[in-house]
Amino acid sequence: MAEKNYYTIDPEGKLTCMKCGVPLIKGKARFMYLDNGFPVELPVCPVCGFVYVPEELALGKVASVERALEDK
Amino acid sequence: MSQIQERGSTHVYKVNKISKEEIESMVARCVYEHPPFCSAACPLKLDVRAFLEAAAAGNFKKALQLYEKAAAFPLVLAAGCEAPCEKRCRLAEIGDAVSIRAVEEAVARFGQAQKPGSVFRTRKKKTVAVFGSGLFALFLAGEIEKKAYPLTVLCEEADLEGFLRCETDFLDEDAFRAELKRLRGKDIQFVFGCTIDAAFFAEKRGAYDVVCASPAVRQRLFPEAASLPELMYCEEERLVSGPCTGVMDAAFGAKKAALTVDRLAQNLDPRNTRGQEGPVDSKLYTDLSAATALTKTPMPGAGYSREEAAAEAGRCIQCHCEECFKSCAYLAHYKKHPGLFAKEIYNNTQIIMGDHQLNKPMNSCALCGQCTVVCPNGVDMARVCLDARRNMVSTDKMPLAPHEFALLDMLFSNEEAFLSRPQPGFESCKYVFFPGCQASAIAPATVKAAYLDLCERLDGGVGLMLGCCGAIGDWAGRTELQEQTKILLDREFGKLGDPIVIAGCPTCKKELAGHEGLQIVGIWDILLKLGLPEGGHGLDRPAALHDSCGARGDESTRNAIRALAEKLGCVLVDTPYSGDRSPCCGYGGLSAYANREVAKELTEKCLARSDAPYISYCMACRDRFAREGRESKHILELLYGTDAGAPPDISEKRYNRLTLKKELLWELWQEETKEMKLDYALDYTGEARGMMDERMILTDDVIAVMDEVRKTGSCIFDEESGLYIACRRIGNATFWVKFSREGDAHYLVHRAWSHRMQVVKREG
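Going line by line, the protein sequences match chains A and B.
Each residue of the first sequence is one higher than the one before, counting from 141 in the working numbering.
Each residue of the second sequence is one higher than the one before, counting from 39 in the working numbering.
Since the hints were made in silico from the structure, they are not lab data.
In this text the structure is predicted, and so the values were computed from the model without any measurement.
Do not take every clue at face value.
Computed cross-link-like contacts, DSS-like style, restricted to lysine-lysine with a CA-CA straight-line distance of at most 25 angstroms [said to hold, decoys possible]:
hint, chain 1, residue 1, chain 2, residue 2
1, A, Lys201, B, Lys776
2, A, Lys168, B, Lys776
3, A, Lys212, B, Lys381
4, B, Lys83, B, Lys184
Could you put the whole structure together from the sequences, leaning on the hints where they help?
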């Protein structure tokens, strides 16, 4: 059964991997912290696997989940 | 540089127990919840403080409700109360006690009586009878009715008026009528005109579950009965009754008897679970310094008018012990008295599974010990919070995030920026100067001037040790890191010939005092002996001296600093909470890392004491005051005529330490430091620099990301902003940099952010 995605961002072709010269696509990724994992869909380079975490996501949702897990 | 291991998992289901006795001993020190002395003295447990507060506000309805809790017939009580509360009123020590009884009488007279209970109110199943009349029977009937037992009063009087008149001839007619009205409103069934003799009693008692009697009836029917006065119960006769004399005694006896009725009705032993009855001891501390109205309100008539009663009630100073709240911004922020807070923080450490909601509060305490000196009973929140931090570190339940930056900074101080050398020309030294990590970070030129001066004016050689004393590891509850620091420093002290340590910071002095066999003095003591160095001068305006929390309990340090300031010609203004009672600037206990809001409030609390420029003798205090825009000087800056200038950001603090080390190594020991030069140009926009300081991102972190970009070419281009974005995992965090290319090997950083979660591509 497919894993539920907690968060999805589609790069809509606006991000390019400079190493591989290809656009980033909406791809499967996983956040891992303190032995907990969260499947998400983020802009990913289809060639080298670079996963992009935008500033708003890092300082918003990611930071709040970090705080919540740290206090577990 | 070394890293610190992140906690392994949130799935840790064990705790290290803290003994109940230890928790209780801490909690018991706080007297916040102790009753005020007036209430403690009242056998009826009237909440005098709340009562007077309501009366002072003119809310006689609420005041009367509180008074009716103490006695069901307030006018009867008010007329005969002996007012033990007034004898214990703290105002009596400096003026007139509040005339509580007179206010009670006015409240009972003017207050709006409660509406009679609804006929639909839920009544208990067990039935109670009271035989006889008089004060005890009256009060007891009132108490039992409050408890909602179906109650029958069997009396000899012919009617309700007769019943109420018994033993209440001291009531004036108005009061009698008011109490009669109140009695009529109560859910009590009366049987009048009874001849209460043994036969009548024997016939009737069987109809009720619990039977009570007035002292007169008991005396008549059971003259030999042994009553237990604390229970108001004749066990053998199964009769609730006992001796009482006077109004207060009757009211108190009725309270005890009603509790006995309650226990008997539930088939429970009346001796058990009674709580504290009657007057109690209180250790409440009250600050009388703010009390102004010391003379009682005159009473022109027979009793107070509404206005007079309110004015008299308003004289109450509302005894509360809030010494810690008044002085500590941390406790004031959380609005929890230490008794409760300590319990919650200890409980936080004992949670096996679930959220540790007290982590942030526990990590926000400055561990400065101010509460312990301002509290009349020595409450010690620093001990509570530090114990809790250590406990959670020991079970791997402590989050690293709040303290990691500070701990890495400590490692930086004791690795890359560490320096330990004997004075040039000496193999071992009589002294070693230990300025402290913050001094090198914030005022490197001052450290250099002080060291050169000590070398010149002290005999026997003065070594130099630039590093962290270990206080940061201690504050974080990481005893292992603290111990590692101790081992490092002891080894280095040994290499220098076990010199006398000249501490430049009172916190270092305190921390290093934990090293066995180490002799420590403050630089202030040395300078006081040697005389002022050349070039020093005081401030040309009066200044406030802020005592460091590191110098709490260290009067000699505080005096030495004052003596130096005086010699410099400084005029010091008095501030509240100076000396041993000084608050923390917000750096202590790593408060600023765990909770910026609380740390800012701590700083503001320090600065609210005076508008003058501040002189301090801890570099962290100097830094935090300057950050808030206050003119702020460290005493060493004044002594050496150096100016550390505007507060440095987090990267500059590291740069300053490295540069100081490099400069001194070259100038004094002719040792060249290998310089790490970038082979590309890296600039920052003002916005980027600001956000990096705010987000605790160092220029070193950004450089590490850019090095990676140059090495691997791995980055992305964002069409919308026209900027490049790259990242790198460093230690326990991933750092992101958004930059533009300004030339072949020239980058301009626009934004930077980080997160602790790791992110990986997933298959499928």
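To see whether the hints hold, each was checked on the structure:
1. A:Lys201 x B:Lys776: 20 angstroms, holds
2. A:Lys168 x B:Lys776: 23 angstroms, holds
3. A:Lys212 x B:Lys381: 19 angstroms, holds
4. B:Lys83 x B:Lys184: 16 angstroms, holds
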